[in-house]
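Peer 1: Order-wise, the sequence lines are chains A, B, C and D.
Per the numbering used here: the first sequence = residues 1 to 284.
Per the numbering used here: the second sequence = residues 1 to 284.
Per the numbering used here: the third sequence = residues 1 to 284.
Per the numbering used here: the fourth sequence = residues 1 to 284.
Treat the hints loosely; a few may be bogus.
Repeated chains share a single entry, so a pair holds when one copy, or any two copies, can fit it.
[To be verified] In the DSSO-like style, the derived pairs of lysine-lysine whose C-alpha atoms are separated by at most 30 Å in a straight line are: (1) Lys-157 to Lys-78; (2) Lys-185 to Lys-33; (3) Lys-185 to Lys-22; (4) Lys-124 to Lys-180; (5) Lys-180 to Lys-78; (6) Lys-80 to Lys-180.
These aren't lab readings, by the way, just hints derived from the structure by calculation.
Next come the chains, spelled out residue by residue.
4 protein chains.
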Amino acid sequence: MCRLMAYKGTPIVIDSLLYQPKNSLINQSFNAKEIEEPLNGDGFGIGWYVPEVTNEPVTFVSVNPAWSNRNLRNLAPKIKTECLIAHVRAASVGEVSESNCHPFQYNNILMAHNGGVEEFAKIKRHLRSPLSDELYNWIKGQTDSEHIFALLINHLKANHNAITPETVTDSFEHTFRNIKHLMTKYDIREPAYLNMVFTDGNFMVATRYVSDEKEEPLTLYHSEGSRYVVEDGITRLEAPRDNDQAVLVVSEKLSDDKDWRMIPPNHFVIVEPSLNVRIRPIKD
Amino acid sequence: MCRLMAYKGTPIVIDSLLYQPKNSLINQSFNAKEIEEPLNGDGFGIGWYVPEVTNEPVTFVSVNPAWSNRNLRNLAPKIKTECLIAHVRAASVGEVSESNCHPFQYNNILMAHNGGVEEFAKIKRHLRSPLSDELYNWIKGQTDSEHIFALLINHLKANHNAITPETVTDSFEHTFRNIKHLMTKYDIREPAYLNMVFTDGNFMVATRYVSDEKEEPLTLYHSEGSRYVVEDGITRLEAPRDNDQAVLVVSEKLSDDKDWRMIPPNHFVIVEPSLNVRIRPIKD
Amino acid sequence: MCRLMAYKGTPIVIDSLLYQPKNSLINQSFNAKEIEEPLNGDGFGIGWYVPEVTNEPVTFVSVNPAWSNRNLRNLAPKIKTECLIAHVRAASVGEVSESNCHPFQYNNILMAHNGGVEEFAKIKRHLRSPLSDELYNWIKGQTDSEHIFALLINHLKANHNAITPETVTDSFEHTFRNIKHLMTKYDIREPAYLNMVFTDGNFMVATRYVSDEKEEPLTLYHSEGSRYVVEDGITRLEAPRDNDQAVLVVSEKLSDDKDWRMIPPNHFVIVEPSLNVRIRPIKD
Amino acid sequence: MCRLMAYKGTPIVIDSLLYQPKNSLINQSFNAKEIEEPLNGDGFGIGWYVPEVTNEPVTFVSVNPAWSNRNLRNLAPKIKTECLIAHVRAASVGEVSESNCHPFQYNNILMAHNGGVEEFAKIKRHLRSPLSDELYNWIKGQTDSEHIFALLINHLKANHNAITPETVTDSFEHTFRNIKHLMTKYDIREPAYLNMVFTDGNFMVATRYVSDEKEEPLTLYHSEGSRYVVEDGITRLEAPRDNDQAVLVVSEKLSDDKDWRMIPPNHFVIVEPSLNVRIRPIKD
């Protein structure tokens with residue numbers, strides 16, 4: 001079912017997000033706690049921004065498990081960034097291949113997903129059909145996730161002139177409605193779980209969503225307005241100091257701190273460039 | 001542009017096809033002779049039949065170059081088969097991934113391709129659109145090749161009750177016409193090169209084809225009614241002895257023998273279960 | 001800590017050993033039951049014999065987890081053999097690389113190990129030093145396992161003219177004494193766990209061993225004189241029928257049958273070419 | 001035989017070193033010009049320094065060919081560094097595995113090699129025998145290169161208190177003498193080719209060396225005191241502007257500029273922290 005993590009804040013060495021926390025994403029790759037299936041060993045990916053060089057993010061993905069990847073272990077303590085998305089995969093739809101690894105990149109945008117659409121094959125072609133040629137051919141892999149992101153970007157580009165928190169949330173809502181419509185039409189009865197995160201490096205939008213409101217969505221937490229501190233092997237969220245702060249959006253709590261807050265069902269978290277956080281319902 | 005090889009005949013240890021000939025497919029993976037670009041290092045695949053166990057072929061593919069693959073080197077001297085397709089890839093359309101490796105398998109059928117359709121992205125969605133749901137979702141990768149094979153199987157299943165040399169050649173012709181039609185409609189002016197091989201383990205059909213008759217198709221040879229002998233490090237095609245014979249269809253001559261015959265432009269080679277070989281024009 | 005499986009008997013499609021049992025080795029790769037750490041996702045390997053082609057086994061290994069390996073899933077239902085060793089790895093000593101995957105092959109011999117020597121670096125060079133040049137250079141990887149097997153073969157070749165159950169058990173005992181001696185000398189206090197299996201395709205020798213007799217060795221079972229049957233999705237060991245029988249040596253019981261017997265601590269299991277099984281103490 | 005490249009100078013996006021030059025290292029991975037064998041497709045590696053985070057370099061290696069590596073293509077345009085070593089491999093000694101990829105890292109040191117020692121197995125154990133336990137166990141792979149670097153570091157640590165151009169050149173000379181001595185003793189008659197580069201991020205030492213003075217060493221060039229400019233797709237070495245300069249040490253000229261100078265046979269190139277370059281004979 002995958003686990004994801006997104007960070008925006010004071011530049012941080014990504015090692016302290018990926019490896020050092022007690023329940024780090026690397027630990028979640030083989031021993032996730034807040035989901036039935038503890039194993040997320042079907043590849044992984046990270047994407048981060050280096051605004052001093054370019055506004056396009058770097059992505060690094062692998063079909064090998066995150067816990068044993070030599071390159072990741074080597075990169076993590078030496079890469080510093082103010083915006084990161086990381087993902088460990090448990091394959092449901094789609095083979096274990098680099099093309100199916102999150103985060104997906106579209107120009108300067110990164111996107112990752114935790115969840116899935118059951119019987120996705122039933123709606124795949126219908127979901128592709130409204131795409132522009134460019135987005136149709138942008139899809140490289142087989143996952144429901146990548147197709148949903150293509151639909152999101154397709155709507156964003158066709159209906160909006162700018163990429164802002166408002167146009168992105170609007171596009172998410174349109175996309176979710178679209179998927180619900182297709183699921184009804186092609187008789188998919190299991191709910192779709194769509195915890196998704198979107199960033200352009202400047203702001204973030206994440207969703208905690210399930211298509212059937214009677215169900216509970218997958219877990220998604222955020223920590224707000226804190227500093228993220230690793231000291232003597234212990235990871236803590238501390239009160240911010242001056243401009244030194246960060247927002248994290250994660251599938252599972254990384255530590256035992258009390259600052260993690262569950263996002264309400266079917267709500268957006270919007271992290272603005274200022275690191276202000278807004279939470280509002282998803283109107284699907 | 002890829003190189004391919006297909007064998008049908010007396011059971012043979014595949015090492016003597018893949019590694020031992022002077023111009024073996026493994027040599028062609030780094031030093032192909034009969035094509036401008038000598039390098040075919042973007043993955044490889046082999047598929048072979050074990051009729052004593054099942055009528056579905058085994059496929060083994062890798063994104064690593066064939067020349068250094070430890071598993072291939074280990075399997076080749078120990079696998080004996082009467083029907084094999086092997087392929088080394090030079091990526092044109094599609095990333096280097098297992099999903100893009102040939103041969104492609106559909107139930108008991110194996111297929112490989114050498115060539116390509118320029119600007120394939122222009123017609124990809126139109127080529128997918130007539131596919132049945134099953135074949136639409138059968139496609140795993142991004143290559144023109146896999147899409148063309150899906151179209152071939154789609155026609156074969158929709159229009160014929162049996163898989164025979166006649167129904168397969170009919171489906172190839174229909175597919176090639178279809179592609180030419182789409183190329184014209186979406187303004188692709190470069191010719192399509194379609195050297196393809198199809199087998200169900202019992203018979204084989206191969207094509208040497210270019211969509212523009214004024215152009216020369218890529219090379220494709222066959223050797224007919226011979227035995228394939230490796231003796232003292234020299235690979236020879238010999239006169240058949242009793243029932244001991246074989247047909248090879250190859251992108252490049254494997255040896256300096258005179259028994260290799262170039263297939264005429266835009267012709268089929270049909271290898272029947274009896275190993276009889278027929279050559280006839282492709283009516284596109 | 002790894003999990004292993006060895007089969008000798010009536011030719012069997014390896015799918016029915018690797019995938020179909022309720023607690024198959026593939027399941028053990030992500031959810032092992034009889035060991036603290038359930039995950040064995042650091043690569044895998046299989047080796048099997050095809051006596052009709054050669055007396056050297058085929059080995060196929062991968063650094064990817066067994067559960068998602070496309071080639072393994074493809075090979076398993078189509079390969080039939082009378083002698084197989086399979087192994088899923090949880091890396092302790094040595095990186096995740098093909099060179100560190102079991103089974104190890106030396107000419108016509110296959111060997112796999114479950115267990116480990118703590119602080120192996122302390123004795124590595126001393127363990128290498130008595131090796132012949134040939135065996136010194138035979139070692140490709142970093143594992144304690146491969147080094148111990150080199151020592152075993154070194155003793156076997158230097159002191160015996162033939163490879164028989166007797167000379168192999170003698171060499172195991174010599175090797176284990178050697179390791180205990182080095183551990184004492186270089187102050188390794190944690191016990192060494194050495195569940196190992198050796199075959200030349202004709203007979204098998206396996207050990208269930210811990211260097212400190214006060215400790216319990218890792219689990220190792222065998223099933224003796226049974227037939228291995230997969231019917232309606234249920235895997236059973238049945239009473240042999242005529243010559244149709246098999247012996248399995250496994251880290252964990254593959255099914256709920258009662259025919260699995262734990263091998264006594266510090267004992268050999270010797271499976272003779274006739275499939276007779278002998279169990280006797282290891283004199284270290 | 002491999003190709004290598006080392007850069008020290010004004011921070012540069014590594015894309016402009018790896019991909020953009022006419023004869024870039026990526027081009028050399030499939031079409032090297034100044035060596036008999038044009039193919040260097042057996043894995044690759046890059047190592048670079050990020051002094052603002054740590055004095056240990058980042059290394060990123062892969063067993064896949066450099067030309068098709070998605071992660072490398074993604075990292076290169078977004079990583080900026082003032083010190084880089086890159087290497088594309090043509091396997092001679094040692095399998096294609098991550099452990100055999102250059103550059104090798106020891107703490108804050110990076111090292112890469114182009115060349116080889118014939119019949120290396122003859123001296124491998126003798127070369128390992130003087131190593132400290134730490135360096136004995138530091139060796140992860142099978143290459144002559146990694147063993148020679150272990151010997152170099154072993155001498156450096158045992159005989160010197162500091163890592164400076166002087167102590168490094170002294171250690172190279174000692175190591176080369178050592179290898180020549182072992183080659184004579186164990187009857188290796190083919191010359192050893194040892195073009196090697198060593199850096200700690202502050203200074204660099206490179207060697208152009210062959211053990212038999214009657215032979216010609218492999219090519220090795222440097223460009224000195226220039227700026228490295230990519231403009232309109234053309235890569236040029238220009239006269240330095242203020243402090244804006246760089247030194248490159250490369251197996252092959254990257255461009256048609258006249259500023260590339262062949263290093264004399266059996267000479268060191270020493271690039272000081274100031275980017276001053278000294279060339280002096282290797283006394284072996």
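Peer 1: Each of the hints needs a verdict: does it hold here or not?
Peer 2: For each hint, the structure was consulted:
{"no.": "1", "hint": "Lys-157 to Lys-78", "in the structure": "between (35 Å within a copy, 25 Å between copies)"}
{"no.": "2", "hint": "Lys-185 to Lys-33", "in the structure": "neither (35 Å within a copy, 43 Å between copies)"}
{"no.": "3", "hint": "Lys-185 to Lys-22", "in the structure": "neither (44 Å within a copy, 38 Å between copies)"}
{"no.": "4", "hint": "Lys-124 to Lys-180", "in the structure": "both (13 Å within a copy, 27 Å between copies)"}
{"no.": "5", "hint": "Lys-180 to Lys-78", "in the structure": "neither (43 Å within a copy, 39 Å between copies)"}
{"no.": "6", "hint": "Lys-80 to Lys-180", "in the structure": "neither (39 Å within a copy, 45 Å between copies)"}
Figure legend: structure checked against the earlier numbered hints; hints not met, in rising order: 2, 3, 5, 6.
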